[in-house]
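Heads up: the protein sequence lines correspond to chains A and B, in order. Be aware that the first sequence starts at 1, since it is given in our numbering, and climbs by one per residue. Be aware that the second sequence starts at 1001, since it is given in our numbering, and climbs by one per residue.
Hints listed in this document are in silico derivations from the structure and should not be mistaken for laboratory results. Be aware that a few hints might be false.
Said to hold, decoys possible - In silico lysine-lysine, DSS-like type, Cα no more than 27 Å apart, as pairs:
{"hint": "1", "chain 1": "A", "residue 1": "Lys225", "chain 2": "B", "residue 2": "Lys1167"}
{"hint": "2", "chain 1": "B", "residue 1": "Lys1147", "chain 2": "A", "residue 2": "Lys216"}
{"hint": "3", "chain 1": "A", "residue 1": "Lys228", "chain 2": "B", "residue 2": "Lys1058"}
{"hint": "4", "chain 1": "B", "residue 1": "Lys1084", "chain 2": "A", "residue 2": "Lys489"}
{"hint": "5", "chain 1": "B", "residue 1": "Lys1058", "chain 2": "A", "residue 2": "Lys23"}
{"hint": "6", "chain 1": "A", "residue 1": "Lys44", "chain 2": "B", "residue 2": "Lys1166"}
{"hint": "7", "chain 1": "B", "residue 1": "Lys1166", "chain 2": "A", "residue 2": "Lys84"}
{"hint": "8", "chain 1": "B", "residue 1": "Lys1030", "chain 2": "A", "residue 2": "Lys265"}
{"hint": "9", "chain 1": "B", "residue 1": "Lys1168", "chain 2": "A", "residue 2": "Lys159"}
{"hint": "10", "chain 1": "A", "residue 1": "Lys44", "chain 2": "B", "residue 2": "Lys1084"}
{"hint": "11", "chain 1": "B", "residue 1": "Lys1096", "chain 2": "A", "residue 2": "Lys84"}
{"hint": "12", "chain 1": "B", "residue 1": "Lys1168", "chain 2": "A", "residue 2": "Lys228"}
{"hint": "13", "chain 1": "A", "residue 1": "Lys393", "chain 2": "B", "residue 2": "Lys1041"}
{"hint": "14", "chain 1": "A", "residue 1": "Lys28", "chain 2": "B", "residue 2": "Lys1038"}
{"hint": "15", "chain 1": "B", "residue 1": "Lys1148", "chain 2": "A", "residue 2": "Lys225"}
{"hint": "16", "chain 1": "A", "residue 1": "Lys265", "chain 2": "B", "residue 2": "Lys1167"}
{"hint": "17", "chain 1": "B", "residue 1": "Lys1119", "chain 2": "B", "residue 2": "Lys1058"}
{"hint": "18", "chain 1": "B", "residue 1": "Lys1148", "chain 2": "A", "residue 2": "Lys44"}
{"hint": "19", "chain 1": "A", "residue 1": "Lys265", "chain 2": "B", "residue 2": "Lys1054"}
{"hint": "20", "chain 1": "B", "residue 1": "Lys1058", "chain 2": "A", "residue 2": "Lys499"}
{"hint": "21", "chain 1": "A", "residue 1": "Lys80", "chain 2": "B", "residue 2": "Lys1168"}
{"hint": "22", "chain 1": "B", "residue 1": "Lys1167", "chain 2": "A", "residue 2": "Lys28"}
{"hint": "23", "chain 1": "A", "residue 1": "Lys80", "chain 2": "B", "residue 2": "Lys1166"}
{"hint": "24", "chain 1": "B", "residue 1": "Lys1058", "chain 2": "A", "residue 2": "Lys394"}
{"hint": "25", "chain 1": "B", "residue 1": "Lys1058", "chain 2": "A", "residue 2": "Lys393"}
{"hint": "26", "chain 1": "A", "residue 1": "Lys333", "chain 2": "A", "residue 2": "Lys424"}
{"hint": "27", "chain 1": "B", "residue 1": "Lys1038", "chain 2": "A", "residue 2": "Lys396"}
{"hint": "28", "chain 1": "B", "residue 1": "Lys1084", "chain 2": "A", "residue 2": "Lys217"}
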Amino acid sequence: MSKIIGIDLGTTNSEAAYVEAGKPVIIKSAEGQPYFPSVVAFTKTGEMLVGEAAKRQAVTNPDGTMQRIKRKMGTNEKVKLRGKTYTPQQISAFILQKIKKDAEEFLGEKITEAVITVPAYFNDDQRQATKDAGAIAGFNVKRIINEPTAAALAYGLDKEGDHKIAVYDFGGGTLDVTIMEVGGGVFEVLATSGDTQLGGSDMDQALVDYFANEFKKQHGIDLRKDPKTLQRILEAAETAKIELSSMLQTDINLPYITVVNGDPKHLELKLTRAKLEEIIAPIVARSEHPCRQALQDAKLKPEDIDHVVLVGGVTRMQMVQKKVEEIFHQKPKREVDPMECVAIGAAIQAGVLSGDIDKDIVLLDVTPLTLSVETLGGVATSLIDRNTTVPTKKGKIFSTAADNQTSVEINVLQGERPMAADNKSLGRFHLDGILPAPRGIPQIEVSFDIDVNGILNVAAKDLGTGKEQSIRITGSTKLSDSEIERMKKEAKEHEEEDKKRKEKIEIRNNADVLVHSTEKTLQDLKDKFSTEDKEAIENALKDLRAALTGDNTDEIKAKSEALTQALQKASTTIYQQAAQQYQQPGQPQGSDDAWKGHPSDDGSTYDADYKVKDDKKKKSDEE
Amino acid sequence: MPTKKNSEPKKPAQENLHQKIKKLEEELQKIQQEVTEKNDKYLRTLADYQNYQKRMEKERLNHEDELRKKYLSEFLDLQDLLKKASEDVNPQEGLKLIINNLDKFFEKEGVKYIECKGKPFDYLVHHAISTVEQDDCVEGTVVDEIKKGYMVGEKILRPSQVIVTKKKETTHGGVQNE
């Protein structure tokens, strides 16, 4: 089935989203923005512009540009643009058409169906007009839903039991407050209120006035008079507003803002959050009355409201959040981007209609904690990371830690700590019958498979003999929230010390490997090393072995480095000698077995292994 | 409906039916198993996809960090140099070189200045901030640049912010031309 998209057809901007693999995704405009300016224009040459391009030319073409058409929806008013008259439905249809086109481009498929949102207070005429606009744009409008309902859907509030929701939608130009009741997935609007002349732009204006007045006090010049300087302080106001959402103070520095009597002047201001809040307080305060009105109309007290949802960019400001909390006596929800919230909710509704969201199937579990196995030195080596969607299967190849080891123990662990002992052991088993071999040679594949029911199957297979052992662990994904939280908290608390411990083990493990490989090298190259080099290596090896019996990590590290250096020095000598021998043709190359396992790139060495490889290579080259 | 009548010898028709039921039951079982397998496969693919999405998101953030590092280090160099220039009694020469370096950096990154002054207004690359009425002018010409605009490759880095001419109007009627 083709996709149904959700559209938040807004007064100043519109947004669109769709559901992909159960998750809502915002659709970007052809201009690369996550929104579409709700602006339509006809140029002098009769060309139609919609969105960003129309917005950019709006002031040059006031007679040919239409903004805020949403306010005329459902009325009989006609719009005259460059001599032609249009209904509000037609203008809205142009915006929807642009969204349709860009969405098709974005998704790479034809889009014919949509869910469109409208304000809760829209009457039947306004809703019908919106539906008609969709039809004109070529959409089969599957449903018209209320903006606050969409916002609630974005928060999944339809899934909870019967409860009451307040949606506080403070946008660029309007404030809408809606009180709803939800029961059995059905939303009923109890009351709506708002202010069509209140928005974020009022805040920007107040800030611009503040900046301009401060500058005027100092330099006697009104920056608002010149469109050039006005634009710069307007941009600075928007930036400051955003910055003070996360910071307590910001500097507004606009160098060379203007010239007074041939003297360049700069705007330099410090703005604290407290000052910003003082400036916008009257605007925020105006939002209180509509909230109280809505509560009163719904015959509810603030305590009767179960959830408060924030919509609109202005709600990113802490002061606004505080105000809402003060009015409704509870912390509002704001996890979903307040600008995208309504479009996301519309997309979720669309997803339910198209079958892209099927509550029974698509909601897959995730692993609450990391699943790992214990490896050498008591380290927890992860196989399935925390937050991985299941069902899933992951495997890793391990080997033995000692020579001639015939059995390995698989200890299945759950938790975020790097050391096995600090995590919860879900179960353990042995894989026996591994053929005796030097350490590191056997290949044991350990796989973790979590099925859709959250049952973890752990299997260990010796790839050499084909022998296999497995264990079934139930309930690995079903942990209580408090248990998950506790384990995560513990991991966080011990992060530093755990890291050090793990490092310690790693240094020890590496030293261990180094000791083994050095022993082998000494054995293999015993005739190659000079007595002096051999002695140096043996001494360094002895030191490292001694260090390994103790617990001093720095000592182990230092001795490892010393041994590595001794080895490097010795091998350099060997290579230098070999190079010298090469320069004398006819010289014997030394014993063959010394090169076993280390085939040189040079074809002149007499190594049986190497020749075989060469033949194979040639063959594959010919093929 | 076939019923069990053990006392009577089975009629061939009944025998046939039994066989048919058995065959259908087997088929049903096979299909049921197939559905279970397919469903499992579907769920695993979906989970894989969701895990892929998570990984991509992580990679995207990593990538973003790398990009930021690159640009931030350029800015840090610039900061060092500007600080030196601000301590210089005669910074003109130094500033010239700093600006030169910056120009080169942007050039290397494919950043191109958008011409605007004196050109006809172009909504594709210009953003009109305001208009200015003039008696004698070609309407829709950019007369002033508020903020420089740039392209990066074929894309707009940011449009020029401009002031555009408008013919002086004496009447309010008949402004809308066909």
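Comparing the hints with the structure gives:
{"no.": "1", "hint": "A:Lys225 to B:Lys1167", "verdict": "holds, 21 Å"}
{"no.": "2", "hint": "B:Lys1147 to A:Lys216", "verdict": "holds, 23 Å"}
{"no.": "3", "hint": "A:Lys228 to B:Lys1058", "verdict": "violated, 41 Å"}
{"no.": "4", "hint": "B:Lys1084 to A:Lys489", "verdict": "violated, 47 Å"}
{"no.": "5", "hint": "B:Lys1058 to A:Lys23", "verdict": "holds, 17 Å"}
{"no.": "6", "hint": "A:Lys44 to B:Lys1166", "verdict": "holds, 13 Å"}
{"no.": "7", "hint": "B:Lys1166 to A:Lys84", "verdict": "holds, 22 Å"}
{"no.": "8", "hint": "B:Lys1030 to A:Lys265", "verdict": "violated, 84 Å"}
{"no.": "9", "hint": "B:Lys1168 to A:Lys159", "verdict": "violated, 61 Å"}
{"no.": "10", "hint": "A:Lys44 to B:Lys1084", "verdict": "violated, 52 Å"}
{"no.": "11", "hint": "B:Lys1096 to A:Lys84", "verdict": "violated, 54 Å"}
{"no.": "12", "hint": "B:Lys1168 to A:Lys228", "verdict": "holds, 21 Å"}
{"no.": "13", "hint": "A:Lys393 to B:Lys1041", "verdict": "holds, 12 Å"}
{"no.": "14", "hint": "A:Lys28 to B:Lys1038", "verdict": "violated, 34 Å"}
{"no.": "15", "hint": "B:Lys1148 to A:Lys225", "verdict": "holds, 21 Å"}
{"no.": "16", "hint": "A:Lys265 to B:Lys1167", "verdict": "violated, 33 Å"}
{"no.": "17", "hint": "B:Lys1119 to B:Lys1058", "verdict": "violated, 45 Å"}
{"no.": "18", "hint": "B:Lys1148 to A:Lys44", "verdict": "holds, 26 Å"}
{"no.": "19", "hint": "A:Lys265 to B:Lys1054", "verdict": "violated, 50 Å"}
{"no.": "20", "hint": "B:Lys1058 to A:Lys499", "verdict": "holds, 22 Å"}
{"no.": "21", "hint": "A:Lys80 to B:Lys1168", "verdict": "holds, 22 Å"}
{"no.": "22", "hint": "B:Lys1167 to A:Lys28", "verdict": "violated, 37 Å"}
{"no.": "23", "hint": "A:Lys80 to B:Lys1166", "verdict": "holds, 20 Å"}
{"no.": "24", "hint": "B:Lys1058 to A:Lys394", "verdict": "holds, 19 Å"}
{"no.": "25", "hint": "B:Lys1058 to A:Lys393", "verdict": "holds, 20 Å"}
{"no.": "26", "hint": "A:Lys333 to A:Lys424", "verdict": "violated, 34 Å"}
{"no.": "27", "hint": "B:Lys1038 to A:Lys396", "verdict": "holds, 26 Å"}
{"no.": "28", "hint": "B:Lys1084 to A:Lys217", "verdict": "violated, 33 Å"}
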